[in-house]
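Which chain is which? The protein sequence lines are W and B, in order. Take any residue in the first sequence, count from 1 to its spot, add 258: that is its number in my numbering. Take any residue in the second sequence, count from 1 to its spot, add 88: that is its number in my numbering.
No lab work stands behind these hints: they were computed from the structure. We treat Cβ as the ideally placed atom computed from N, Cα and C, and that holds for glycine. Accuracy of the hints is not assured; some may be wrong.
[Claimed, not checked] Residues from chain W that keep clear of chain B, each with C-beta distances beyond 10 Å, as calculated:
#	residue
1	Ala270
2	Tyr305
3	Val463
4	Val510
[Stated by the list, open to error] Beta-carbon label-pair distances, calculated as ranges:
#	chain 1	residue 1	chain 2	residue 2	range
5	B	Glu129	W	Leu268	32 to 38 Å
6	B	Ala267	W	Pro407	53 to 59 Å
7	W	Leu316	B	Pro200	55 to 61 Å
8	B	Pro200	W	Leu268	26 to 32 Å
9	W	Ser369	B	Arg165	38 to 44 Å
10	W	Phe471	B	Phe202	38 to 44 Å
11	W	Ala359	B	Lys118	39 to 45 Å
12	B	Asp167	W	Lys367	45 to 51 Å
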Amino acid sequence: MGLQNVWGPLIAWYLFLAGVGAGAYVVGFGASLLGERYRPLVKPGIYLGAPLVAIGSLLLLLDLGAPIRFWMGFLRPQSSMISVGIWIISIFIVLGAIHIAALLFPQVKLSEKAQRWLGWITSLFALATAIYTGLLLGVVKAVPFWNTPMLPLLFLVSALSTGMGAVVLVVGLRRWVTPKAVEAEKEQVTESVHALSRVDLPFIVTELLVLFFLVFLMAASRTIAAESARYLVTGGYAVAFWLGVVVIGLLVPVTLEAWSLTRGKGLSLARLLDLGVVTGLCLLVGGVILRYAVLAAGASVSGSL
Amino acid sequence: MRYGMVIDLSACVFCHSCTLACKVENGTPKGVYWSKVLHKELGKYPTPKRTILPVLCMHCQNAPCVEVCPTGASYKRPDGIVAVDYDKCMGCKYCEIACPYGARTFIHEIKPYFSEFGLTPYEEVMYKKHQTGVVEKCNFCLERVAKGEEPACVTTCPALARHFGDLDDPNSEVSRLIAQRHGRQLLPELGTEPSVYYLAP
């Protein structure tokens, strides 16, 4: 059937972590622009950003056959999606780390204005990171299932959505670590979690649509991509795809978010945060399985020779 | 100058001599085949059909493997041969993914063929040319070509199904065969412009 087995779990986690980290950073910085109301989202987002992407990069390094030579990937920035990505990700990690340092250590003196500029530029590289993870696969003509604009779009939307998931997870878990601080910020925390749900809802709906278009059109194609789609929908990966990606990763979170929004103020803070934890976990699990599934379903035209 | 190959499927007898000649010439590690013969069974009884296809690196003019290589380890030589500089390869395997012809193999480990006896004297010599953690593929036997010889699979083919020469020279044997017998490339729709042509069975 020609499914690729060249890139496996390490690359799946790399693509996922690069996406979540980038998404979390954008959420954190975006919240900081909107003023005090969403302050509980700022630090979790920015603190998660660069470290998650760095961990992902470490996994990429481990997947290399000759990790010692990784520096050679920096030498020809324009030559390949990988070299472009190495630069984008490295710059994001450095800028994101500077932002974290500025928030953590008073010795690092960055003016309000400088921090804002830093945030905008870092966000740009965060978005580039998320898009890159999709383009990396998208440019591969030998795998028609990946070779479509829908793939980078899917990964970008998923990156932002899982980024929100990671942030809401941390915000929710804070209740268990520093309950008093959370109680003191009750209004803001409630506002923030609701805001995340409101923003994430259309993202999940978009992701569902893009995923549906991708699978449906590929299944209808005359290329080997039809086998990729079949592998996900009815084949060997069907359980992980339907249960992991669609139900746990998208339908459960979208339901929980819609429900918590309709209940609005009627939910206690504790209940709302626990709901956030579950939503966040589901989004993250779904995000990982999505990367696994897309990689595993990569049927190469070489299999049709 | 552009080296190329013509494989005459009407002459090929499916004997795998090319596969073995390649292994002997290049001393590729256990389980690694730069040149191989694919076979497929199509249709159902009582009208089954079997197809055979000898494949190797297509030495594409627009080589996807070269395009995706981040370090420049995979490169196109002026004579048309696509080669790999192992010392520059970081083993990201992007080329293996990008190659539409399945010509590339990542070397996980270099194992002796007869593990209970360790490396044979032949393996001891030949395995020095290989590295673990990098991606390998056929290089049109560039050491032989440099000496004016043809690739091992071409000289070995007992059915004389393989022809080697300069595709840029309209009078070369390969160019004439392609013109006269309508040589075809594999997956031409991808725009890779392979330098290996096939003559219909």
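A quick look at each hint next to the structure:
1. Ala270: 14 Å, holds
2. Tyr305: 29 Å, holds
3. Val463: 31 Å, holds
4. Val510: 32 Å, holds
5. B/Glu129 x W/Leu268: 32 to 38 Å: Taking Cβ atoms as reference, B/Glu129 and W/Leu268 lie about 35 Å apart, which means the hint holds.
6. B/Ala267 x W/Pro407: 53 to 59 Å: 39 Å, violated
7. W/Leu316 x B/Pro200: 55 to 61 Å: With Cβ atoms ~33 Å apart, the hint is violated.
8. B/Pro200 x W/Leu268: 26 to 32 Å: 28 Å, holds
9. W/Ser369 x B/Arg165: 38 to 44 Å: 54 Å, violated
10. W/Phe471 x B/Phe202: 38 to 44 Å: 53 Å, violated
11. W/Ala359 x B/Lys118: 39 to 45 Å: Cβ of W/Ala359 to Cβ of B/Lys118: about 50 Å, so the range 39 to 45 Å is violated.
12. B/Asp167 x W/Lys367: 45 to 51 Å: Check failed, 59 Å falls outside 45 to 51 Å.
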